[in-house]
Amino acid sequence: MAQLKLPNSIATKSDLVGVIRNVDDVIDNYIENRVRDMEGVDFKSRPDVTSNLAELVAVNKLEVNVDTLKSLKEWLAHLNEHAPIVRFTFASDPNPEFIGGIVNWLRMASGRFVIIRYGIQPTIAAGCLMYTPAKMYDFSLRKRLMESDEVFLRALTNAVPPAEQAVADAPQEVPPQ
Amino acid sequence: MSGLWFLYIVLSTLAAAGAFVWLVFRLNGRGGLAGKKGTDDFIATANQEVERIFSDEFREELRNRGRLHFEKIISDNAMFLKQDLQLTASDLNKYMQEQIKKVLKDEFAKYEESIENAQAVAVEAIGKTQKILDEQRIAMAKQVREEAQKEKARLIEAFGGNMSQVVNHYLLEAIGNEVDLSDQLDYIYRHLEDNKQAILEDIESGSA
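Residue numbers (our numbering), protein chains in the order written: chain A, 1 to 177; chain B, 178 to 385.
Just so you know, these hints were derived from the structure itself, not from any lab. Bear in mind the structure is a predicted one, so any value in this text is a computation, not a measurement. Among the hints, erroneous ones may be present.
Unchecked claim - Ranges of calculated distance between the beta carbons of each label pair, as one might list FRET restraints:
id: 1; chain 1: A; residue 1: Pro-122; chain 2: B; residue 2: Ile-315; range: 54 to 62 Å
id: 2; chain 1: A; residue 1: Glu-97; chain 2: B; residue 2: Val-344; range: 28 to 36 Å
id: 3; chain 1: A; residue 1: Asn-33; chain 2: B; residue 2: Leu-348; range: 57 to 65 Å
id: 4; chain 1: A; residue 1: Leu-153; chain 2: B; residue 2: Ala-318; range: 27 to 35 Å
id: 5; chain 1: A; residue 1: Leu-153; chain 2: B; residue 2: Ile-315; range: 29 to 37 Å
id: 6; chain 1: B; residue 1: Glu-350; chain 2: A; residue 2: Leu-153; range: 15 to 23 Å
id: 7; chain 1: A; residue 1: Ala-159; chain 2: B; residue 2: Ile-315; range: 32 to 40 Å
id: 8; chain 1: A; residue 1: Leu-153; chain 2: B; residue 2: Ile-303; range: 50 to 58 Å
id: 9; chain 1: A; residue 1: Leu-153; chain 2: B; residue 2: Glu-301; range: 55 to 63 Å
id: 10; chain 1: B; residue 1: Lys-373; chain 2: A; residue 2: Ala-159; range: 37 to 45 Å
id: 11; chain 1: A; residue 1: Val-17; chain 2: B; residue 2: Leu-348; range: 33 to 41 Å
id: 12; chain 1: B; residue 1: Met-317; chain 2: A; residue 2: Pro-122; range: 48 to 56 Å
id: 13; chain 1: A; residue 1: Ala-58; chain 2: B; residue 2: Glu-350; range: 41 to 49 Å
id: 14; chain 1: A; residue 1: Val-17; chain 2: B; residue 2: Leu-362; range: 24 to 32 Å
All C-beta atoms in this analysis are idealised placements derived from N, C-alpha and C, irrespective of residue type, glycine included.
Between the sequences and the hints, there should be enough to build the whole structure, so can you do that?
Listed below in structure tokens is the structure:
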């Protein structure tokens with residue numbers, strides 16, 4: 001199963017756990033149908049397959065059976081335990097395409113199936129905060145603005161006369177004779 | 178009047194006594210023993226006469242007159258003494274007034290001189306104090322101006338810093354929910370690319 005690919009739609013830890021749970025459900029459904037066959041029951045239930053699992057199977061061109069699903073489950077469980085996790089904080093709730101793009105970049109760059117977790121913090125305005133296991137990266141617009149204080153002060157200084165000049169222009173007190 | 182009368186009595190008494198003494202010496206010059214005996218008789222007679230003339234009443238009268246005369250003399254002398262004493266007291270009073278005036282004049286002169294000296298010292302001290310106050314006021318005014326300039330500069334600088342924070346806060350509040358995440362993707366990619374190496378190292382080191 002080392003050749004399996006993890007689609008970018010399975011990006012977050014919750015996605016991964018959901019797929020694992022879905023695989024379990026599908027396996028249980030297969031077993032139930034097999035028991036019904038053995039008992040001569042003319043009824044087969046259809047498993048609820050999520051889009052993530054369907055894409056996972058499609059991407060990897062898997063032949064769906066119990067053994068394959070069990071191997072897939074083991075692989076997903078291994079990922080759940082050992083895949084590197086990167087946490088993000090965004091200014092607003094990201095859509096799946098946005099998350100997919102971020103995950104794609106991380107996985108392409110690292111060559112590993114990186115899993116992400118994310119939260120929302122509107123005060124950062126734009127950009128994101130990224131937390132690797134060892135470090136935090138601030139790619140937010142808030143930090144960019146804070147770092148641009150010098151630019152603002154320069155613009156402000158250019159817009160108003162210097163303080164010394166303003167004081168010098170102010171009327172001076174004449175000491176009494 | 179009483180004095181003349183008293184003088185008359187005294188002169189009469191002295192004349193009678195003189196006549197008597199002259200008679201005694203006359204008789205003594207005529208006789209021996211018989212004369213001696215007669216002289217004694219005369220003396221006794223004279224003594225008797227003296228005793229008769231200078232009786233106790235006469236002596237008392239003389240004593241009274243003498244006392245009165247003495248009292249008069251004493252009274253006169255007392256009056257003179259009183260006059261002298263009054264005169265002396267007047268002179269002494271005048272002398273004392275002059276001396277007191279002189280002393281007071283001297284003391285007032287000294288006092289006035291002291292007052293003038295103290296006034297001069299006070300004026301000089303006030304002048305020095307005024308000069309020092311002027312210098313301190315000028316220095317303080319200069320220092321206040323400098324401090325005011327520094328404070329203005331500091332306030333303007335603080336205003337600039339706070340202004341940037343205000344503007345930043347305003348921008349963050351204004352655009353916080355308005356920027357589409359899709360539009361931020363390039364921005365985020367750029368930062369990811371800029372920190373790619375560090376991010377990959379962190380991922381590798383943090384993964385089991």
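We went through each hint and held it up to the structure:
no. : hint                              : in the structure
1   : A:Pro-122 - B:Ile-315: 54 to 62 Å : 58 Å, holds
2   : A:Glu-97 - B:Val-344: 28 to 36 Å  : 33 Å, holds
3   : A:Asn-33 - B:Leu-348: 57 to 65 Å  : 59 Å, holds
4   : A:Leu-153 - B:Ala-318: 27 to 35 Å : 32 Å, holds
5   : A:Leu-153 - B:Ile-315: 29 to 37 Å : 36 Å, holds
6   : B:Glu-350 - A:Leu-153: 15 to 23 Å : 21 Å, holds
7   : A:Ala-159 - B:Ile-315: 32 to 40 Å : 36 Å, holds
8   : A:Leu-153 - B:Ile-303: 50 to 58 Å : 53 Å, holds
9   : A:Leu-153 - B:Glu-301: 55 to 63 Å : 57 Å, holds
10  : B:Lys-373 - A:Ala-159: 37 to 45 Å : 39 Å, holds
11  : A:Val-17 - B:Leu-348: 33 to 41 Å  : 38 Å, holds
12  : B:Met-317 - A:Pro-122: 48 to 56 Å : 53 Å, holds
13  : A:Ala-58 - B:Glu-350: 41 to 49 Å  : 44 Å, holds
14  : A:Val-17 - B:Leu-362: 24 to 32 Å  : 26 Å, holds
In summary, this structure violates none of the numbered hints.
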